[in-house]
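Asker: Same order as they appear, the protein sequences are chains A and B. Read in order, the letters of the first sequence correspond to residues 1 to 386 in our numbering. Read in order, the letters of the second sequence correspond to residues 1001 to 1293 in our numbering.
Incorrect hints may appear among the rest.
[To be verified] Facing chain A, from chain B, some residues (calculated, C-beta under 7 angstroms):
hint	residue
1	1184
2	1200
3	1204
4	1223
5	1229
6	1265
7	1286
8	1290
[Stated by the list, open to error] Counterexamples of contact, computed for chain B against chain A with all Cβ distances above 12 angstroms:
hint	residue
9	1036
10	1073
11	1116
12	1133
13	1158
14	1175
15	1226
16	1234
17	1240
18	1272
19	1276
No lab work stands behind these hints, which were simulated from the structure alone. Glycine included, each C-beta is placed from N, C-alpha and C at the ideal position.
One letter stands for each residue in the lines below.
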Amino acid sequence: MLAGLAWWLDGDGPTAMQAATAKGAAATAAPTPTGWPALGQARSPAMSPEERATQLAVWTERLERAKHTLASYRDGTRYPFESRPISEHADQTYPNRPVAEDSALRTEDGQTDPTINVKTAQSRVFMAAGESVVFTIAASDRSGQPVAFTVTQARALGLPSPGRGGQLPQQAVVFGDAGTQGDARAGDGVQSALLAPAQGPFAQYDGAIRVEVKLKLAGREGLHGFDVYYSPEQPAVWAGPVREVVERGSLYLYMPVQVSTPGRYLVSGRLDDASGKPLALLSFNDVLPAGLQQIKLTVFGKLLRDLKPSFPLTLRDVDGYLLKENTHPDRALLPRLMGTVHVSKAYSLNGFSADEWTSEERDRYLAEYGRDVDLAQGQVDQLTGP
Amino acid sequence: MIKLYRSLVALFVVAATALPAYAANYTLWVNGRTGGGQIGNYNSFTYWGPATTAAGVNKKAVNWDGRSNISSQNYLIRDALDCFCTGTNWCYIAAHSAGDLMMGYTLANYGGSTRYKKNASPNAAGQCGNSDGSTQVGWNIKWVNVASGAGGGSELSDVGSWTTSEPLVKDLKTTTARALYNHNSTRNVWFYMFAGASGTLYSGILPGQDDEAVAYHSTGGVSGSGGQGLCNPSDWFCNDLNMGTAANEGGSTKWSYHSVKFRDNNESYNHYANGNWGGIISVVRADTVTNAQ
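Build the full structure now, drawing on both the sequences and the hints.
Answerer: Set out below in C-alpha cells:
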C-alpha cells in the first residue's frame, strides 16, 4: 500500500483503478479486485486492431454468459427453492420406483461380454430402519431375446468403512423366479431376491451392504453387485396428520414430526393435481431441535397461479433423512411415506399471491449478476465504439 | 507544499483504513479422485499442474483427499466456500471428476444453510475468521465449470476396476452417485459440463463415449439411470449427447441447471490432468481463464 501511496503522490493524478492495481502489486497476497484487469485492457489507447478484436471476442463471450446467468436466475427464482415445478426435478417424480440399469454382462476379470445384456433393478438405494429391498436381474442376447440363467451364488456383505473394525456381517441371498420373496411374476425369466436387513445379521449394522451375485448363462459366467445403505437408526418419526394453512398468499402443509436426534433434516414430497398429474416438488432443509417439530412444506402462491392446477391437490411419496455432517454413512432416514399422504381442500387460485419470491439471497444474486452484465456490456460498448 | 502533501497523505491513509474490504472474485478448483494437493493450502495446485499457470482470477485449489467418502471430506469444500464466497466476495468454481459429485452434494445439502461471512484469510487448516459476525444464506457462486464430471458415477466403480477398499469408489458406483443427493438442486447455479471422449481402454465397460474414466451419461450431466450410452453425432449407432440443456437423442434429459458446454467431437481429450492441466481440464481451464474474471 505504501508503494502505491508514494506513486500516487508523485504522479499526475491516476485513476482509482490504477491506484488499486499498485496496491495489489505491492502486497502480493492481496486478491485482484473485481473487474480490474479487463477495464485496464479495454481502455488501453495503444491497443492494436488485432488486440481489440481479441478483447472484443472475450468480452462478447463474457457478456453472453452474464446475460444468460442473470436471465435464468431471475426466471428460476420466481419461486423459492423449496417449492419448485416438478418439471425441474423429473427424476424425483416417482422416488419409489426401482432404480434400473442396463449393461453388458460383467465378467470375473473386470471385463464385459457385449453379447449378453443384463438388466438389473433395485427397489431403493438408501433404506430406512426396518425396510426391505428387492433386487431383480434379467438377461437377453443382442437381439433382445431373453436368455435363461442361473444364480450360482448370491450373498450380502457389509462393506468396510473407515473406523469400523471387527467382523462385518454377511448372509446368503436367495434369487428365484417363483413369484415369491419379492419376485413380481413367476416364470417370466426375471429373478428376484428380497433382503430385509432388520431380520438377520445386519439388524444393528449401519453402512453399505453389497449383494454380490454370480450368474451362469449360455456357457458363460458373470457377476453383478448391488449396493444399498442401511441404518437401524430412526432419528425422528411422523407424529400426526398434515395440517394445511393458507398464509401470506401461499399454501403451507405442516407435517408434525417427533425428533429424537437433532440436526439438519431434508424432506421431500411430491404434489399432484386433481387429475393425478405431477405438479411440484416440495422440500424442506433446515436444522431441527429434539422434540415435537413441524416440517413445513410450501406450495408457493405464484407457483399455483402459474401452473393453474385443478384442486384438490395430493401430497404423496414423502421421504426424508437426518443429514450427518462430515461422516459416513451421512444419513439416517425417516420412515418413508409411500402413496397419498394428504389431500388438500379446494381453493380458488385468486386466493393465492401472484407475487414473485423475494429474499436477501435473491436480491444479492440479481444485483451481482446485473453488475456482471453491466460490466461486460460496458466493455463491449467501449471496444465497438469509435 | 510539503505541508499540503503531508495533509494529503494523512487524509488518504485515514480514508483507506476506513474503507471496508473491497469485493473480490475468486476461482476455486475442486479436485477429483486421487487428490494430491496439500489439504488446507489453497495455493497447492499439485493435483492440477504448475501453480503458475493462469486459471481464473485469484485462483485457489480446494484440496480434499480424493479417496474418502464425499460426505466425510465435504467440510473442506464448505470451509473454502465460506472463506472466499461470502460477504462481498464471489466465486467461480471449476471441478474435475468426483469434484462434480462433491460440488453437487454441497449445494444440494448445504446450499441454503446459514453461513458466517468470512475474511478470506485462511489459517493453515484452510479456515477463515469471521469478517463482521454477520451471516448470509448460502454462498456467492456465479457458476461451476465441470471437467468430466462424475456426478452420475462411473461403471469403472461398478465393475471393480478401481479398488473397492477406497471409500470414494463406493460413492462413485452409478446407482449410489445418482441417489446420493438431488442433482437438480444447485440453488439455480449453472453447472457447465465439459465432456471428454478420447477413451478406448475401457470402451467395453463404459457405455457410449468416454474419456477413459467416466462416460458421457455422467460427464454430460444426464439424468436418470446410469448405463445410458451417449455419443458424438459422428457415431450413427449410438444416441447423441446434445449440447446445452437440450434433451439427448433418444429422449434422455439433463439434470436441471446442467448444460453441456463442450462435447469432444474429435475425441481429443482424456480424463487426466497429467500434471500439467491436461486432458479435458485444459478445455475447462481455457474457458475459465476467459470467463472467470
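Asker: Can you list which hints this structure breaks, lowest number first?
Answerer: Hints 2, 5, 6, 7, 10, 13, 14 and 15 contradicted; others consistent.
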